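For reference, the chains in residue letters:
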Amino acid sequence: EPEVTQTPSHQVTQMGQEVILRCVPISNHLYFYWYRQILGQKVEFLVSFYNNEISEKSEIFDDQFSVERPDGSNFTLKIRSTKLEDSAMYFCASQGGIYEQYFGPGTRLTVT
Amino acid sequence: DAKTTQPPSMDCAEGRAANLPCNHSTISGNEYVYWYRQIHSQGPQYIIHGLKNNETNEMASLIITEDRKSSTLILPHATLRDTAVYYCIVGNTGTASKLTFGTGTRLQVTL
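Chains D and C are the protein sequences, given in the same order. Taking my numbering, the leading residue of the first sequence gets 1, the next gets one more, and so forth. Taking my numbering, the leading residue of the second sequence gets 1, the next gets one more, and so forth.
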């Protein structure tokens, strides 16, 4: 069964460093999302992406965040200058139809 | 998006049906009810969705009241692997539509 994959599974970085989280959505899906979950808290929407542009973004998704689909398979989330409060699980999701979203296993980002 | 209310936790014996309730009294006419679950810290997993009719798939059944103000997710024969946090989410259908997660119901399936 097709699945969303994410790399790395765990990323440790120092405050102020740039990180890029990578996702490979399900082939033929056209709609992509990033969510995050701070330990013990809710899953929060960050951004949705379609046709090479952002469809919607939350207030969390400020100028420090960017997304890109650099080729036909990868979907990336970049955080330019990480802060301690960016430590969280980051989930990528993709959608082919109009109902269900398929989530990846997540990348645990630890900012020290 | 309409707000949902779920009990914070429930227990269920293995092999028995798990019935997870959700209130969504402010749901609007074009909003669907979606159920996802999250096992430990894994990515959320889609279970089922519905508009106003009851729905069933290989994972679960979804019962939506006639006034659409509440729904129940039914896992007919719960197993230990069904232990997870279950999220009831109300939102518009359509692509590029965000999911707004609440705190969900933590279902513990026991022997």
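Be aware that one or more of the hints could be misleading.
Unchecked claim - Calculated pairs, DSSO-like style, for lysine-lysine (alpha carbon to alpha carbon, straight line, at most 30 Å):
{"no.": "1", "chain 1": "D", "residue 1": "K42", "chain 2": "C", "residue 2": "K69"}
{"no.": "2", "chain 1": "C", "residue 1": "K52", "chain 2": "D", "residue 2": "K42"}
{"no.": "3", "chain 1": "D", "residue 1": "K78", "chain 2": "C", "residue 2": "K52"}
To be clear, the hints were calculated from the coordinates, so they are not data collected in a lab. Just so it is clear, the structure is predicted and the values come from calculations on it, not from any experiment.
Going through the earlier hints one by one, which of them does the structure break, listed in rising order? 3
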